[in-house]
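J.: Chain by chain, the residues run as shown.
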Amino acid sequence: MAILPSTRPSETSVAAAIPSTYGVETGVAGTDNASDGQGTLHSTLPHQAQPGAGPDPVFEVRNLTVRYGSHVAVRDVSTEIARNEVTAVIGPSGCGKSTFLRCFNRMNDLVEGCRVEGTIAYHGVNVYDPAVPPVEVRRRIGMVFQKPTPFPRSIHHNVAYGLRLAGVRQGIDDLVETALRRAALWDEVKDRLNASALSLSGGQQQRLCIARAIAVEPEVLLMDEPCSALDPIATARIESLLEELKGRFSIVIVTHNMQQAARVSGRTMFFTTETDEHADRHVGVLVEHDTTERIFSNPRDERTENYVTGRFG
Amino acid sequence: MSAVSGPPAASGVAGFPFDTRARTDLRLRTVATARRVRDRFATVALCAALVVAAVPLVAVVVVLVAKGARWLGWDFFTSDIPRVTGRVAGACEGVDAALREKYGLTCGTPRPAMGPAILGTLLSTGLAALIAIPVGVAAAVYLNEIGRSSRTARAVRFLSDVMTGIPSIVMGLFVYTVWVVRFGTAGPSAFAAALALACLMLPIVVRGTEEVLRLVPDELRHANVALGGRGVHGVLRVVLPCALPGITTAALLAVARAAGETAPVLFTIGMTYSFNAAPWGPNTTLAQQIFEGAKSGDPLANRLAWSAALTLVVVVFSLSAAARFIANRYSTRLGG
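Residue numbers (numbering that gives the first Met the number 0), protein chains in the order written: chain A, 0 to 312; chain B, 0 to 335.
If you are wondering where the hints come from, they were derived from the structure by calculation, not from laboratory data. Among the hints, erroneous ones may be present.
Result set (EDC-like, lysine to aspartate or glutamate): computed pairs, CA atoms no more than 20 Å apart in a straight line [as the list claims (entries may be wrong)]:
1. A/K146 to B/D217
2. A/K245 to A/D55
3. A/K245 to A/E224
4. A/K245 to A/E292
5. A/K146 to B/E218
6. A/K146 to A/E224
Distance windows between CB atoms, simulated [claimed, not checked]:
7. B/A44 to A/S227: 43 to 53 Å
8. B/F316 to A/S69: 52 to 62 Å
9. B/V169 to A/N125: 52 to 62 Å
10. B/L243 to A/S69: 36 to 46 Å
Don't be surprised by glycine CBs; every beta carbon is placed ideally from N, CA and C.
The shape of chain A in the complex, shown without the other chains (with noise of 0.2 Å):
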């Protein structure tokens, strides 16, 4: 089988020491899809098998199949999240890529009939395992949502917020100014760190959510379509961003903007829709997930070359 090389030349020594697990996932993976794979390398490799990222992943799918009541929103994907890396998830609406994103910190606890199959291991730990609180779970793992949701107070009280809920009694002001600092709204919001956080724009409000959830110093952030509510300039300044923030945090960014995706990440996961055979109802796969380089230049996938070409979704 196939290990991509990764992004970061240190690793590219380490590839040959790829964990056994990825051939067993590739063996055992779902072989339903085999059929509309083009090339020999297609029916092999299995959509959901291929090995997404490498040595060291801050997160391990396997199998996470989830259900809304009797629909099924995303079905049986297993793959890996790169460490300190920004990954893009793609794929057209109703593909899961939201609800996939919102199973890594449980968000989809909060919806009524959801049901979560497969396991996420975060540092070996299943995220879903009943002996960890979901509390604890979103404490390490931050999320930006598509609309800037500042809660309507201060500016300093949103990035303090998660930080008291943490624990944090000393050095608060320190800790908002690096927060905001690092999310590129220092210069704009010093001299007003008490007015409401409602007063800013939506660029900035959004960039205080990110400080706000950086604040706690979690290992990874997930963001869903972060700047889809956003202007093409506050777009940029998020982006650019992004690329500051992906040494210290592993990102996974949902996008509907493959320019994006292009533009930000450094690997690239691919949804896609596929008809239940029971119901009329569309069921997210995960087709392919390599480099944004290869998913864009190269994917191994029909379906991924067709979307990405804008042929499709």
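Given chain A's structure and the hints, the job is docking chain B onto it.
T.: This is chain B only, laid out in the frame that chain A set:
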């Protein structure tokens, strides 16, 4: 017709889609006459409805001010309620000025005063608010944040709707039976009245607060959860602060409603004509004094009732204005 020269005198509709002349000449009227008439008619009808709605409102204020304002003064708010009106006036008949001076007789018609009733109104309503608002807000938090569509929540919601419809006199009788009768002569008090008023306020606070909590966007709750907050953090630090202006308004509506209630007070507060700042012991409210004064044949009592009515309206209005002011200030701060 040659080139366009001023708006044609054509009457009626020019038929815009098909008439090439109308298509290019903006001065031509193409809106059907019938439509313009309907538009004018609707405007007039709506304005008329506004006037009709405003008449009773303005009339009430005018009559209240005309009948009640002339007795208002410092004494009105600080003195005891004149008790036996007729005799005081009669006692002075035929007594000359020197004798009156000598015996210190209060002569002529005593000036109306409502001090104790104002205090009693504030006391009983305030106590009722202290009981009903915390309980009501807590119940609303349960309904919207925890219970949602559970069976308990639906039952509470239903009961609270039923409670809204219960006539206020029933609340008075209820408290009279379970509290006033039980404690005999110590029964009637501002506290007993507050219990009855709290029963009245509770459903208003619960449903009003629930509506406001529902308006707090789920995104904020999710943001709290995504930051590792528990539900209780979300309620205390996100949802309630966001909803505070709305909750204040809901609570205020309930307070204003309770301040003007007569029926729950009639059986529960007893009657007094002098100041009683304690929650125990007989007390009186403005609404009760209006009731007593209006049904009395005595002209002074009638005048008292008018003045009490005006005072009550002013008290309720200033409560509303104060709370609205606070709510506005707070929300402006939030909104930047």
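J.: Could you work out which earlier hints the structure fails to respect and list their numbers in ascending sequence?
T.: The structure breaks none of the hints.
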